[in-house]
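Here are the chains, one letter per residue:
Protein chains: 2
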Amino acid sequence: MTQASPTARVTTWLRAFTAALRSGDIATTAALFDTPCFWRDMVTFTWNITTLEGRDAITAMLEARLAEVGPDAFRIVGEATEIDGACEAEFVFETRLARGQGYLRLRGERCWTLLTAITGLKGHEEKSGPTRDSGVVHGVYKNRKTWLEKRLEEERELGHSTQPYCLIIGGGQGGMALGARLRRLDVPTIIIDKNPRAGDSWRNRYKSLCLHDAVWQDHMPYLPFPDHWPVFIPKDQMGDWLEAYALIMELNYWTSTRCVSARYDDAAREWNVVVERAGARVTLRPKQLVLATGMSGVPLVPSFPGATSFKGAQLHSSAYRSGEAYAGKRCVVIGSNNSAHDICADLWEHDAEVTMVQRSPTVVVRSETLMIFSWEHVYSEAAVARGITTELADLMGASVPHRLTGPRAKPVYDRIRDHDKDLYARLEKVGFQFDFGEDGSGIACKYARRGSGYYIDVGASELVCDGRIKLKSRVAVERITENSAVLSDGVELPADLIVYATGYGSMSGWAAQLISPEVAAKVGLCWGLGSGTSNDPGPWEGELRNMWKPTHQDGLWFQGGNLVQARFFSIILALQLKARALGIPTPVYGMQQVHHHG
Amino acid sequence: MTQASPTARVTTWLRAFTAALRSGDIATTAALFDTPCFWRDMVTFTWNITTLEGRDAITAMLEARLAEVGPDAFRIVGEATEIDGACEAEFVFETRLARGQGYLRLRGERCWTLLTAITGLKGHEEKSGPTRDSGVVHGVYKNRKTWLEKRLEEERELGHSTQPYCLIIGGGQGGMALGARLRRLDVPTIIIDKNPRAGDSWRNRYKSLCLHDAVWQDHMPYLPFPDHWPVFIPKDQMGDWLEAYALIMELNYWTSTRCVSARYDDAAREWNVVVERAGARVTLRPKQLVLATGMSGVPLVPSFPGATSFKGAQLHSSAYRSGEAYAGKRCVVIGSNNSAHDICADLWEHDAEVTMVQRSPTVVVRSETLMIFSWEHVYSEAAVARGITTELADLMGASVPHRLTGPRAKPVYDRIRDHDKDLYARLEKVGFQFDFGEDGSGIACKYARRGSGYYIDVGASELVCDGRIKLKSRVAVERITENSAVLSDGVELPADLIVYATGYGSMSGWAAQLISPEVAAKVGLCWGLGSGTSNDPGPWEGELRNMWKPTHQDGLWFQGGNLVQARFFSIILALQLKARALGIPTPVYGMQQVHHHG
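Line by line, the protein sequences are chains A and B.
This note's numbering applies: residue 356 is where the first sequence begins, and numbers increase by one.
This note's numbering applies: residue 356 is where the second sequence begins, and numbers increase by one.
Isolated chain A, as found in the complex (with noise of 0.2 Å):
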C-alpha cells in the first residue's frame, strides 16, 4: 500500500486514466481497473444507462465507443475519503459532446467502483447564476413581448398550432421533476394529468400519509425545501409545493387532461396521442413520449371467488382515503406491505374493527431505525453539515453498482435486526411474518428489485404486536362471501370493508393501457434487477429494466420512482431528449435484451 493521501491518489488515478483513454489505448484503460470491477455509466460512454461488470466488459465497451466519445479532463472534485479500505471521490471530465461528474472507489491503486453520468450537453448548458438571463431588455423596442405575453401565447399555442417535442403523461414528482429539467433545456413539453390540480396525485393518497423517506431526500430539482420545512412531509403540503413548483417552473401543465389514446407513426416518426382535456378531444403529435404514470403502474386487484357477490365496500388501496366512515366496521385489509399498514392504522385511528391479512414475509425497519442506520450518513442535517449536499449524496448513491448494493447492505440490516431485536421478538410471538429479503439486503434492494415487500414502520407494528390491529398471516384469501374473507385456513373474517393493498403491476402495464398490448411486449417489464429473487426473475439486468433509458419502442420512455430517483434520473433522462431533440446522433450501445414482456 502506498503511503500517499487519498486525494493524490485519486488524482493519480484519473491522470493515468485520462491519459490512458486520451491515447486510445484500451489495454492500458483496462489494466487501471481491478477484479472485480464495475463501471456504471448514464449516458457519456454509452448513450444508455448501463454497468459494466468486470474488465472484459470494460473492454467491449470502450472498442465501441471509445473513438467517438472523446473523453478527457477527469479532475477530482474537493477531497477523496477513505472508507472500509476504499479510497473514494468525486469528480468531473468531459467528453466531445457532453460535459460529466462521477465518482470513483479504489481498491490499492486500481479502479473498483466508477461511475460516469452526464450532466450536460456542451454549448446547450442550462443558464444558471453567472449565466442566468437579464429579464429585461434594455432599451426599449417597439413590439417587444413581455415574460406574460410570451407564457401566454406558449400556452396558447403549444399543443394547438404548434407542437411540444416531448409529452410527459403523469403529473406527479416524476413528470413534473423531468417537466423542469426539459423546461430549462429548451425543449418544448407538455405534461398532462388526470387530477385537477396540480400536486393532487399526493392529495388523494390516504390521509394520514406523510412521505415515508426524509426531507433531505425530497427535494426537488433546481427548488429545494426551505430549511422549516418538517423532516416527514405531510402529502398535503407536499401536494401544495408541487402545485407550487409547476408554477414557479413554467411548466406547461394541463390539469383534467386524460390519455385516450397513444399510437406510434413510423414513418413520420412521431407519437399520435389523443388526450381528452376538461372534456375536449386534442391531439397531440409528439416526437417523444414519457410515461411518468407512477412506477408502481396499474393496481392489481386479485379476482378472489365472489368478490363481485360482496355486500360491503371494496378497494384497492390506491382508493383508499380515510376510514372516517368506518368506526365500529370490520374491515380487512389484505396485504401487509406499506400501503396496508398505514391504512390498517389509519381504520384502528378511526375505531374500526380491523384485520390484516398477511401472505407473505415483509421486510419491516423502524423509520427512526432506518434513518439512523441507512440514511444518517448521507441523507441528513449532519451529512448537510459535513458538506454532504442532497446533489452530492444522490451520487453516491448512484455510484454503487446493484451488484453490491445487496452485499453492502446486509452487515447494515444485521446491525438493524440486533437493534430492535424486541421489536422482531414480539412481531414474532404474534406470527407476523418478517425477513429482511431473501439474502438479507433489506429495504433498498427489495424496492429496486420489485418496489414492494416491505413497511417503514411508522407506528402501526406496535399495533399489530398487541392485537390492536388483528393479524391472520400465512394464510391465502380462499374466496369472498356476501359478509366475510374465507381465509385458506378456514377461518372466515366478517367484513364490512375489504382493502386490497395487493400491489401493482409493472409499469408496462400502462403502456399495454394507452399504447397497445404490443407495444408493452415489445418494451418488456419495467423496473427489477433479475436478481433472480422472488417476484424478480433473472437473467441479471444490473440496471433497472426500461427506466429512464431507451427502449425498444421508439420515441418511448419510462420516468417514475422516489424522490430521490424523479430528482437524479430526470437530468438524466431530459438529457437524452435533448439530444435527439438537437439531432445528435445517439448510438445506444448495451441495449437491453427483452427477457420478460409486460
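A few of these clues could be false.
No copy labels: a pair is met if it fits in one copy or bridges any two.
Said to hold, decoys possible - The calculated lysine-lysine pairs, modelled on DSSO-like cross-linking and capped at a C-alpha distance of 27 Å, are:
1) K784 <-> K497
2) K505 <-> K827
3) K765 <-> K549
4) K684 <-> K500
5) K776 <-> K827
6) K684 <-> K497
7) K666 <-> K549
8) K684 <-> K666
Since the hints were derived computationally from the structure, they do not count as laboratory data.
Computed from a prediction, not measured in an experiment: that's the story for all the values here.
Dock chain B against the given chain A, drawing on the hints supplied.
Quick look at chain B alone, frame taken from chain A:
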C-alpha cells in the same frame, strides 16, 4: 497603528466591549467608541430602531437600558476585513432575552460604527434545520389531526371563532414577508389584500415593468429564488412567485378583502377592524395592526384647474397598465421619475406620440452603471462567490448609519457621472434637468429621504435624448383644457391621454383613510430622515420615521419599502410583535417625536 490582523483587532475590541458591558461600566464602554461614532440599534437594547450619534447619546442609552438588557458574549463571525482604513466584521451576541447579530467598524482601536440587531427571542427560536418539526408523529393515535385538517381548521376559525394577534393590511412583498416571519414565530396572523390573487400587486402594474433591483436584492425570506431566475424579474413572474410563496409559507391570506374601517379600543387594548371579504363584512379584533399598504402611500394627483373638463383619458401612474390603446394618440406624462420614464417608453413602444413634462430635477443613473458601481460588490453573483450572501449584504447595508450614507455615496456618484458623461451631456442638451441629489448623494439617499426623485435608466433616457420622447422641462402645468395641458411657459400640449406620474403621499395617509385623521396626525409622517433636503424637512431623525418600529398609536405599525427592506426589517418588526404577544415588557427607548403631522 497596531500590527495585529483585522480579525484580531475586532476580537480584541469585542472582548473589551463584552467585559465593559458585563461589569456595567458605562464610562469604559463609551471610551471604546471613537469620535465621531454611531451605534445603530434594532430592538436588542432599545426595543426601538434608533441610531445613537456620539458618546453622549451612547452613554445616555446605556444608563437607561444596560442593567435591564444584560448584553453578553459578543463574538466575531468569519474574518474581519480592512476597507478604506476601517476594520470591519460581522458578529453575534446575546442579551438576557434575545439573540442578536451585528456589524462593527473600527478606526484604529475604537469603534466608529456599530450595528446591533435582533435575530430571535431566547426560548422562542424559529424551528429550522436540526430543530425542524418531524411532520409525522410516530406512533398511532386516535383522533390525530393531519396537517391538512389543522390548516383547514385554522382557515375556518381564525378571524371568526378565534382572533388573530396581528392583522396585516396589504399583501404585497412587505405584508407577505412579515406574515411569513410571524408564521414561523407562531404569532396568529391574517393578511388581507384587496386583489383576487396573491401577487396581483405586481401583476397589476404596467405591462413592461421588470423589477428595478437585481435578483440578489429581491429574495423573500426563507425561500430564495432558483438560480436560473433572471437578473431583473418581470412583474408577472414576480406575481406568480408571491402567489406560490403565500401557499408554501402557509400564510392566512385573505384575497378580495378590503379594510372598511379600523378603530383602536383603548380599554380592551385591541383593534376593531371591519373588513369586507368577497362582499361579506367581518369584524376582526387583533391586538396589533400593521399597515403594509405600500410605502408609497396614497396616490397624489395634483388638482390642476380645468382637469374635470378634460375629455380624454386621465389617470394616475398607479392605474396605468399598457399603451396598447394609445397607438397614434397624443399622450402627456406629467412627472420625470421612474414611473414617468417607464410609462413614456411603454407608450412610445406602442406607437403613441408622447411628451414628458418635467417639473423638477431627477437623478438619472443607468441600470448597468448602478449595478457596477453601487451593487456589484454586495448583491451580485460575484459577491455570492466571495461569500457575501444576501443576508450578509443586508447586514452590511444596515450597518451604515443614515448620517454616513450621503458622504459615502458621493464619491460613487462622482465616478458614475464620469462613467456616463456622454449620456449626461446629451440629456443636458435636450434640456433634461438632472442632478445627483442636493448633496450629490444619489439614488439611495433620495429613496430614504423621500422615496422618489430618480430614474434607474433601462432605456428611456435614450428616447428622451433623441427626441422620440418629447420633453418639456423647467415648466409647471398651469391648467388642463378639454383636449390639452397648458404649461407655465404658455405652450399648449394637445392630449388624448394625461398620465399623472406625480407620486404618492406618506403612508400615514393610509392611517388617515382607514383609521382616522386624528390617529394619522398623532403618528405623524412616515418615511424620510429629516435631512432638510427637498421634500424631507428636518429636524434630523437618524432613522426612517415610523417604519418597522413603535409609533405614537398603540398597536399600530408600518411595514413597507423595497424587497431588501421587506426582507431585512420583517424579522425586526416580527420580533417586536412576538415579544408583545408573549407579554414581555418592551420599554421603548428613544421614542421619536412627531415633527410633521400626517
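These are the hints, each one checked on the structure:
1. K784 <-> K497: This pair counts as between: shortest inter-copy Cα distance 25 Å, intra-copy 80 Å.
2. K505 <-> K827: Classified as neither; 60 Å inside a copy, 35 Å across copies.
3. K765 <-> K549: Answer is neither: 41 Å inside a copy and 60 Å across each miss the 27 Å cutoff.
4. K684 <-> K500: between (61 Å within a copy, 21 Å between copies)
5. K776 <-> K827: within (22 Å within a copy, 87 Å between copies)
6. K684 <-> K497: Between copies only: 16 Å across, 70 Å inside.
7. K666 <-> K549: neither (30 Å within a copy, 52 Å between copies)
8. K684 <-> K666: Cα proximity of K684 and K666: one copy only (13 Å, versus 75 Å across).
Violated hints, in rising order: 2, 3 and 7; the structure is consistent with all others.
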